[in-house]
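S.K.: Here is what each chain is made of, one letter per residue.
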Amino acid sequence: NAGVIQTPRHKVTGKGQEATLWCEPISGHSAVFWYRQTIVQGLEFLTYFRNQAPIDDSGMPKERFSAQMPNQSHSTLKIQSTQPQDSAVYLCASSPGWDQDTQYFGPGTRLLVL
Amino acid sequence: GDSVIQMQGQVTLSENDFLFINCTYSTTGYPTLFWYVQYSGEGPQLLLQVTTANNKGSSRGFEATYDKGTTSFHLQKTSVQEIDSAVYYCAMGPSSGSWQLIFGSGTQLTVMP
Numbered sequence: 031n032a033g034v035i036q037t038p039r040h041k042v043t044g045k046g047q048e049a050t051l052w053c054e055p056i057s058g059h060s061a062v063f064w065y066r067q068t069i070v071q072g073l074e075f076l077t078y079f080r081n082q083a084p085i086d087d088s089g090m091p092k093e094r095f096s097a098q099m100p101n102q103s104h105s106t107l108k109i110q111s112t113q114p115q116d117s118a119v120y121l122c123a124s125s126p127g128w129d130q131d132t133q134y135f136g137p138g139t140r141l142l143v144l
Numbered sequence: 494g495d496s497v498i499q500m501q502g503q504v505t506l507s508e509n510d511f512l513f514i515n516c517t518y519s520t521t522g523y524p525t526l527f528w529y530v531q532y533s534g535e536g537p538q539l540l541l542q543v544t545t546a547n548n549k550g551s552s553r554g555f556e557a558t559y560d561k562g563t564t565s566f567h568l569q570k571t572s573v574q575e576i577d578s579a580v581y582y583c584a585m586g587p588s589s590g591s592w593q594l595i596f597g598s599g600t601q602l603t604v605m606p
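Heads up: the sequence lines are chains A and B, in that order. Residues 31 to 144 in this note's numbering are what the first sequence lists, from first letter to last. Residues 494 to 606 in this note's numbering are what the second sequence lists, from first letter to last.
Simulated from the structure, these hints should not be mistaken for lab results. Values in this document were obtained by computation on a predicted structure and should not be read as measured data. Be aware that one or more of the hints could be misleading.
Claimed, not checked - One-sided and incomplete, this derived list gives chain A residues near chain B with beta-carbon spacing under 10 Å:
| no. | residue |
| --- | --- |
| 1 | Arg39 |
| 2 | Phe63 |
| 3 | Gly72 |
| 4 | Glu74 |
| 5 | Phe75 |
| 6 | Gly89 |
| 7 | Val119 |
| 8 | Cys122 |
| 9 | Ser125 |
| 10 | Asp131 |
| 11 | Phe135 |
Ideal Cβ positions, reconstructed from N, Cα and C, are used throughout, including at glycine.
Could you put together the complete structure from these sequences and hints?
M.R.: Structural data, given as structure tokens:
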């Protein structure tokens, strides 16, 4: 089992450019989560999907951020018009699908917006 | 609102010292509680998980006990080793219908040889 796969591992964008981050959950897991990690704010929940359907996006910034899960094998987090304050490590996690299940995290994508 | 508090931002110990990291939580009900460990350049990985059904968890020499009375979930280890150096996060599991984890601010543990 390869674990949660995130690509790219590092991404550098210029201010105003778009960034798309990819996540491949563990095979058979039905829930996929996105978190953001910064020194100042720590680990913050962004959004999650269950059986590909968006369930809770209460942590997503209302503008410029969107997430999708077009099939059970991958999810994307897209940031339009990136700003320096979007610089962070974006973590994807998956879980088998019961609410008390452990979430298994990927290695993260480190986004740097210049 | 729901929250998890870790007061110790950094802890520095010598090998074979006793480790104790405080964690308290605030929510309605009795959520599952987790300790995750994060090594440099990696995502958080589960260290242990405890529910009200079992009240105590242990893994790799680490122990944590769920105390509903004081809403605390401290992490301890009798004898730390240099390889234990990492960031430790207390997290609270699903409650109020959402499956998100709520994390504490993390404790950077450095173990000197």
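S.K.: Does each hint fit the structure? Answer for all of them.
M.R.: The hints, checked one at a time:
1. Arg39: At 9 Å from the nearest chain B Cβ, A:Arg39 passes the 10 Å test, so the hint holds.
2. Phe63: Interface hint status for A:Phe63: holds (7 Å vs cutoff 10 Å).
3. Gly72: holds (5 Å)
4. Glu74: With a minimum Cβ separation of about 8 Å from chain B (threshold 10 Å), the hint on A:Glu74 holds.
5. Phe75: holds (4 Å)
6. Gly89: At 7 Å from the nearest chain B Cβ, A:Gly89 passes the 10 Å test, so the hint holds.
7. Val119: holds (9 Å)
8. Cys122: holds (8 Å)
9. Ser125: holds (8 Å)
10. Asp131: The hint holds - A:Asp131 has a Cβ within 10 Å of chain B, the shortest such distance being about 8 Å.
11. Phe135: With a minimum Cβ separation of about 3 Å from chain B (threshold 10 Å), the hint on A:Phe135 holds.
Taken one by one, the earlier hints all hold for this structure without exception.
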